[in-house]
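Peer 1: Model the placement of chain Z on the given structure of chain A, informed by the hints.
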Amino acid sequence: MIKTSKKLQHENRTAAAWLFLSPAMTAIAIFFVVPVLSALIMSFTDFDIYALGNLNNVRFMGFKNYIRIFETPLFWVAMKNTFYFVIVGAPLSVFVSLGAALMVNSKLAKFKPFFRTVYFLPVVTSLVAVAVVWRYLFHPAHGLLNYGLGYFGVDPIDWLGNPNYAMPAIILMAVWKSFGYNMLIFIAGLQNISEELYEASHMDGAGGWRQFIDITIPMLAPTTVFVVMITIIGYFQLFAEPYIMTEGGPMNATTSIVLMMYEQGFRWWNMGYAAAIAFVLFAMILVFSVIQMLIQRRMQS
Amino acid sequence: MKKYLIILFIVILSIFGCSQKAGTITTIKFWAMGNEGEMVTQLIPEFERKNPDIHVVVQQIPWTAAHEKMLTAFAGGSLPDVFQMGNTWIPEFTVLNSLEPLEPFVKTSSTVQLTDYFGGVLKSNIIDSILYGIPWYVDTRVIFYRKDLLRNAGFKEPPKTWDEVLRICEVMQRQAKEKGITRYPIFLPTNEWVPAIALGMQSGGKFLKNNMTKGNFSGPEFTKAFHMLATFYSKKNSPSGMQLITNMYNSFSEGLIAMYITGPWNIGEFSRRIAPELQNEWMTAPLPSMDSTYPGNSLPLGTSLVISRISKHKEAAWKFIEFLASCEQSVSFYKITGNLPPRKSAWTDSSLANNKYIHAFHQQLERVEPLPQVAEWEQIVIRLQIYVEYIATQTMTVDVALKKFDAEVDQILEKRRWLIEKQMKQ
Numbered sequence: 001m002i003k004t005s006k007k008l009q010h011e012n013r014t015a016a017a018w019l020f021l022s023p024a025m026t027a028i029a030i031f032f033v034v035p036v037l038s039a040l041i042m043s044f045t046d047f048d049i050y051a052l053g054n055l056n057n058v059r060f061m062g063f064k065n066y067i068r069i070f071e072t073p074l075f076w077v078a079m080k081n082t083f084y085f086v087i088v089g090a091p092l093s094v095f096v097s098l099g100a101a102l103m104v105n106s107k108l109a110k111f112k113p114f115f116r117t118v119y120f121l122p123v124v125t126s127l128v129a130v131a132v133v134w135r136y137l138f139h140p141a142h143g144l145l146n147y148g149l150g151y152f153g154v155d156p157i158d159w160l161g162n163p164n165y166a167m168p169a170i171i172l173m174a175v176w177k178s179f180g181y182n183m184l185i186f187i188a189g190l191q192n193i194s195e196e197l198y199e200a201s202h203m204d205g206a207g208g209w210r211q212f213i214d215i216t217i218p219m220l221a222p223t224t225v226f227v228v229m230i231t232i233i234g235y236f237q238l239f240a241e242p243y244i245m246t247e248g249g250p251m252n253a254t255t256s257i258v259l260m261m262y263e264q265g266f267r268w269w270n271m272g273y274a275a276a277i278a279f280v281l282f283a284m285i286l287v288f289s290v291i292q293m294l295i296q297r298r299m300q301s
Numbered sequence: 001m002k003k004y005l006i007i008l009f010i011v012i013l014s015i016f017g018c019s020q021k022a023g024t025i026t027t028i029k030f031w032a033m034g035n036e037g038e039m040v041t042q043l044i045p046e047f048e049r050k051n052p053d054i055h056v057v058v059q060q061i062p063w064t065a066a067h068e069k070m071l072t073a074f075a076g077g078s079l080p081d082v083f084q085m086g087n088t089w090i091p092e093f094t095v096l097n098s099l100e101p102l103e104p105f106v107k108t109s110s111t112v113q114l115t116d117y118f119g120g121v122l123k124s125n126i127i128d129s130i131l132y133g134i135p136w137y138v139d140t141r142v143i144f145y146r147k148d149l150l151r152n153a154g155f156k157e158p159p160k161t162w163d164e165v166l167r168i169c170e171v172m173q174r175q176a177k178e179k180g181i182t183r184y185p186i187f188l189p190t191n192e193w194v195p196a197i198a199l200g201m202q203s204g205g206k207f208l209k210n211n212m213t214k215g216n217f218s219g220p221e222f223t224k225a226f227h228m229l230a231t232f233y234s235k236k237n238s239p240s241g242m243q244l245i246t247n248m249y250n251s252f253s254e255g256l257i258a259m260y261i262t263g264p265w266n267i268g269e270f271s272r273r274i275a276p277e278l279q280n281e282w283m284t285a286p287l288p289s290m291d292s293t294y295p296g297n298s299l300p301l302g303t304s305l306v307i308s309r310i311s312k313h314k315e316a317a318w319k320f321i322e323f324l325a326s327c328e329q330s331v332s333f334y335k336i337t338g339n340l341p342p343r344k345s346a347w348t349d350s351s352l353a354n355n356k357y358i359h360a361f362h363q364q365l366e367r368v369e370p371l372p373q374v375a376e377w378e379q380i381v382i383r384l385q386i387y388v389e390y391i392a393t394q395t396m397t398v399d400v401a402l403k404k405f406d407a408e409v410d411q412i413l414e415k416r417r418w419l420i421e422k423q424m425k426q
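Protein sequence lines correspond, in order, to chains A and Z.
All residue numbers for the first sequence refer to the working numbering, where the first residue is 1 and numbers rise by one.
All residue numbers for the second sequence refer to the working numbering, where the first residue is 1 and numbers rise by one.
Hints may be right or wrong, so weigh each one.
In silico lysine-lysine, DSS-like type, Cα no more than 27 Å apart, as pairs [stated by the list, open to error]: (1) Lys80/A / Lys404/Z; (2) Lys177/Z / Lys64/A; (3) Lys64/A / Lys403/Z; (4) Lys236/Z / Lys403/Z; (5) Lys425/Z / Lys64/A; (6) Lys80/A / Lys403/Z; (7) Lys64/A / Lys422/Z; (8) Lys422/Z / Lys206/Z; (9) Lys404/Z / Lys64/A; (10) Lys64/A / Lys214/Z; (11) Lys415/Z / Lys214/Z; (12) Lys64/A / Lys415/Z; (13) Lys319/Z / Lys50/Z.
Hints in this document: simulated from the structure, not taken from any laboratory.
Chain Z on its own, in the form it takes in the complex:
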């Protein structure tokens, strides 16, 4: 009997003990995508040491399923407290009214200073002048090129304008013909929308018109950009199908391609996978321009950290964002993942300042323009990809393709048109 009493006593004690402990510790859920989701766990112990009253549970989500999973989580009311989000998704999630405005938090924060962020990137987080996300890392596209091949073609510097790119292509094609080899001077993948949108941005194209309720891709600006893109494929300056390049890194090493528009993750990949004897012969440069202002505009991609509107631990969630957004942590994150920090002051750190490949990204990030902030943007550019394939394979002419594409865009934006008209009437 006595024994039982003791056990009972212990049980009661432990219950109270536990509940007391749980009362002081706040657990926040954090969803992060792909490789970042794995790597960020290395930073968490430091955060929990500094904030012993907050416990962070990280859930890793594959990139390919992230968008669907977040929408479903919203529908089921189970979004986590903090999550990572591609900054082009923010308009869509504000339509759902699912994100917490962050201005009140930023105002009282001593560590998050908005002026320190690259302007174009920060703008992608502001919808109708309300801030919804804090950039976590940035991504933009630049040119990776073979120095030796450009030199052989008589160009000591990377191209400053697209006309110059075309001249380089011409010389390289001639040289390849003399040697009897195949060469695609510039690789513009047909399954990507980025080169098309970057060119469109540079030609001054407003992609959407009428308060962003109708497609404007068949307008003169984007038509000019798409014609230029089509020229690269029709002159065989760029491979017109993905099957021609099975391994990009081998193709680059073999000289099958000489220039390639891609993002920061490829700095690491190129260092590992380009042939060792060529390691001093590749370099990065900002995008060429359609006019005289160099560098040409590129895209402000990357991901942001956001707080769910229904979160019960917004204060704790904000503390966690502040921690990840600090210069110190964004530099550590760069060191373990290669993801570029969104804050200008972080770029003075020696690990970034001494990396010669990073310089082009720094230059480029000062020249990025936000993409149209409509919920349907992702759907629109995924469709655009198909039309890039159509013009690359010459299944359609540029003008026909853009007319058809605009018709599709108009249909995608039909609901948005209706909603805006409804608002106007009220």
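Pulled out of the complex, with its shape left as it was, chain A reads as follows:
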């Protein structure tokens, strides 16, 4: 008797849980699961402008789209650019935001809320508006950046017009635009470190640098792993900056994988091919995330 009532109770509770979850689950199913699955199916077809005109023109392609991606020279250029952006940009962003967090969080700093706001401002500003201003800063003849470099005897650089400098320019802007967000997370992490640790080490005669290496860095490790992970995932999806600033040029020097996908999908309407690119990118990000999670687990144990 008792058992069955318990079982019933359990069932009721499960039903209630499903009931409460159902609105969110429905939303996720409609707006996430269904589109992702249809994109997956689409990536095995050659859905394009001809198919849009007449559905009889769709062909099942198997893995041909995927094979074609790896055979396309532009894809490898986009890969190279995206990795360049991630490998240089992501660590830079993490260091800058950590530095900013340490400064803003320092006991010596004044006007803390002011600086926190100022550093966070680029994150919440519209990228399009920011891009217009940065285009002025990057201007080869009248730009502030070249003007400043001129003081050190550096010849004017055509930031957005020269294939060698376009990506560094994009990285510079992207880091500036996004470091405020990571900075906030670092500040939260720093504030979680117990003050007693610093006091104890101070009594043992540890200086500022020693404290940073032996207390701040290890205590911040979980935060750092989290920040690195979201930064890398975010940076793999580089799109808006080159889309607005350079349109992928000059000579494809700033074409990222997402930009290539967008061009194929929405400019030329090669939806099947674009969907396949999306899944290749998804697989890449998945691999990186798994690696990072493994590292994190090992660190914890």
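Peer 2: Positioned in the frame of chain A, the structure of chain Z alone reads:
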């Protein structure tokens, strides 16, 4: 109570009043791009005065987003009744079966006379002998040049052939060297496909082969054209990167460049932005030619007005097109935007006939050839731009570049090949 009854009465009256009014007025939606979208609103009141039963709602779309927006609108079934379209996009939108054939309307029209249009431009609106668009304004490319610099080099007339252009370049380079200055005699931007395609057209190149299902860029004609283009860059007759010219108008005023292939919008820009003391020293001329027929061929660019196949107000939409396409309105439109009228009879208007810079465009428009009418054309020429950069910077040789480019074109045209083969079998 009485008060409420009166209010109710008024409400009922106004509802009926409104619905009666709405029943007689047709509202048509019109999408226009960029500056044209803004300026065309000045012509609408006149149209609505003449056609009190039609109301036009204009939506302005930026050029950079226009193509994407139209495709998305088609996919969502929300294309407007009338819209402006770059005439190279028409093949793509007929593949989608989204445009209304206009022949039936033209047949009964008293104002739209097809014989009055520049032939090459009209042809770009006809796909498989069906007319889909009425040209709204035309655009072609000519040479803008510095008279004084050409005179100093010993040339009184603008060049008639490309060999002559090369001779001018040689003299100018020598003179620049003596003076110790830099000069690029002709500016062929590396981020444009127009000069390459114009040269290819002149060398008699069929850009595509096998029923336009395969690239023919590595064929002898286009190879010749691309070699010529490469020569301009390798001899430093033209800057090999865009970073060398930061402001085209300053460069032209300073004499850093002496000739430039560009379109009609630059007549206005040159008048405003070229140094005042040089205003009498610049001129326009039709394109030089690869052989003896002058002028050489150029491109029939420009935009057309089209009607959506799913529009519910095609009659009203056509009336609006007729209005914009009339000589009178195309001249007014020229006056407010500088966009050139597509009808020959409009060019007799004093505002065009008395503009000395316009003359070259008139001459050139008689010598334009339509571009290949395949849906993938836009995609092909955007890729071509990259290869222009490759040969300009000598990252690739002409032959290697064209082979690689043809391979890309073949891939872009794969679906078209399959479709045509399927049709043949049936």
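Peer 1: Now tell me if each hint is right for this structure.
Peer 2: Now for the hints, and whether the structure bears them out:
Under the criterion of a C-alpha separation no larger than 27 Å, the hint pairing Lys80/A with Lys404/Z is consistent with the structure, at around 20 Å. The straight-line distance between the Cα atoms of Lys177/Z and Lys64/A is roughly 56 Å, outside the 27 Å bound, and the hint therefore fails. For a cut-off of 27 Å, the pair hint linking Lys64/A to Lys403/Z stands: about 23 Å separates their Cα positions. Restraint check for Lys236/Z and Lys403/Z: satisfied, since their Cα atoms lie roughly 25 Å apart, inside the 27 Å limit.
In summary, the hint linking Lys425/Z to Lys64/A is supported, as the alpha carbons are separated by about 24 Å, within the 27 Å threshold. This hinted pair checks out: Lys80/A and Lys403/Z have alpha carbons roughly 24 Å apart, not beyond 27 Å. Annotation: proposed proximity of Lys64/A to Lys422/Z holds, straight-line Cα distance about 20 Å (limit 27 Å). For the suggested pair Lys422/Z and Lys206/Z, the alpha carbons sit about 24 Å apart, so the restraint of at most 27 Å is met.
For the suggested pair Lys404/Z and Lys64/A, the alpha carbons sit about 20 Å apart, so the restraint of at most 27 Å is met. In summary, the hint linking Lys64/A to Lys214/Z is supported, as the alpha carbons are separated by about 20 Å, within the 27 Å threshold. A C-alpha spacing of about 11 Å is found between Lys415/Z and Lys214/Z, which places the hinted pair at or below 27 Å, so the restraint holds. A distance of roughly 13 Å separates the Cα atoms of Lys64/A and Lys415/Z; the hinted pair therefore holds under the 27 Å criterion.
A hinted pair counts as satisfied when its Cα atoms are at most 27 Å apart, and Lys319/Z with Lys50/Z qualifies at roughly 10 Å.
Going down the numbered hints, you'll see the structure goes against just number 2.
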